[in-house]
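Engineer: The residues making up each chain are set out below.
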Amino acid sequence: MAQEIYYEDINVGDAMPELVKGPIQKLQHVMYAGASGDFNPLHTDDDFAKAIGMDGVIAHGMLIMGFVGQAITSWIPRKYLKKFGVRFAGMTKPNNTITVTGKVTDRRVEAGENLITCEVVAQDENGDVKITGHFEAALPSRG
Amino acid sequence: MADKSKEGKEYPPIVWEVERGKIRELAKAIGDSNPIYLDREAAVKEGYKDCPAPPTFLTVPMMWCSSMPDVINDLKINFAMVLHGEEEYEYYQQIYPGDVLTGKPKVVSVEEKTSKSGRKMDMVTVEIIYTNQKGEKVAKARSLLIERK
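From first to last, the protein sequence lines stand for chains F and L.
Mapping of the first sequence onto numbering that gives the first Met the number 0: position 111 corresponds to residue 110, and the numbering continues sequentially without gaps.
Mapping of the second sequence onto numbering that gives the first Met the number 0: position 58 corresponds to residue 57, and the numbering continues sequentially without gaps.
This is chain F alone, in the form it adopts within the complex (with noise of 0.2 Å):
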């Protein structure tokens, strides 16, 4: 649960709270294929992601970027997200351990909203990054 966040309160260079998720099991691929329609079976089927190639099953993109946006709005209130990008950087694996960080790098008024910008990363317990992305926001003002 999110608590209510203002303007005032943010600054550049304030970390978002840091979120870690957990080992990853294969059962969260299937529960994830299930839940986002996404059934490719390089996430979900050993058999398959051998037969092109990989060492086993990677979990989807999506639910890594569905991580960093529980830790955006455990933060942030959902309400509050106008935009929410991120470029898919590397592969995470089964028993990975996944930490989302972020930093806020911008705040401004624009067009009487008051704007947060802030980066998010998604690193793996070996710190090698999974997502690289970013996020805005606009908050209340205590005005």
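Do not rely on the hints blindly, as some may be mistaken.
As the list claims (entries may be wrong) - If you want a taste of the chain F side facing chain L, the calculated C-beta under 7 Å gives, among others: (1) Gly60; (2) Met61; (3) Val85; (4) Arg86.
It should be emphasised that the hints constitute simulated quantities derived from the structure, not laboratory data.
Note that beta-carbon positions come from the ideal geometry of N, C-alpha and C, so glycine has one too.
Model the placement of chain L on the given structure of chain F, informed by the hints.
Structural biologist: Just chain L, lined up with the frame of chain F:
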């Protein structure tokens, strides 16, 4: 390789009714226990009309309506060589249970690029603009697909 002549092509709209159970299912699959996605009362207490859709919910209509696979096939992209490069959302208003979303997919661009290692790739950008049952624009989703050649 991706068919450059399909640049600018628009696809038939996808229509998706948002269900409370699907919102909960996606939150559970992500492991997001934020009560606003799971419990209507908790959501109302935090100023929502009902349980809002989580930030990545629009992947649900896109995949369940087979929109992205259809585009990939139409562009004659080799499915086994596709990577999801980027995903970006712009939100104009909340999406709630009972909303009927209409998404209009469009191929925005098809560009060939060469990676640092000299490998050629096609970069395909697909955009879907979603409106609700009142005809209001609710969100835009942009996906970058990378076909390795």
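Engineer: The structure should be examined with respect to each hint, and the outcome stated for every one.
Structural biologist: Verification of the hints:
1. Hint status for F:Gly60: holds, given a least beta-carbon distance of 5 Å to chain L, under 7 Å.
2. Given hint, F:Met61 at the interface with chain L, holds; its Cβ is 5 Å from that chain's nearest Cβ, closer than 7 Å.
3. Residue-level restraint check for F:Val85 holds (minimum Cβ-Cβ distance to chain L is 6 Å; threshold 7 Å).
4. With its C-beta approaching chain L no nearer than about 5 Å, F:Arg86 sits inside the 7 Å limit, and its interface hint holds.
Of the numbered hints given earlier, the model fails none.
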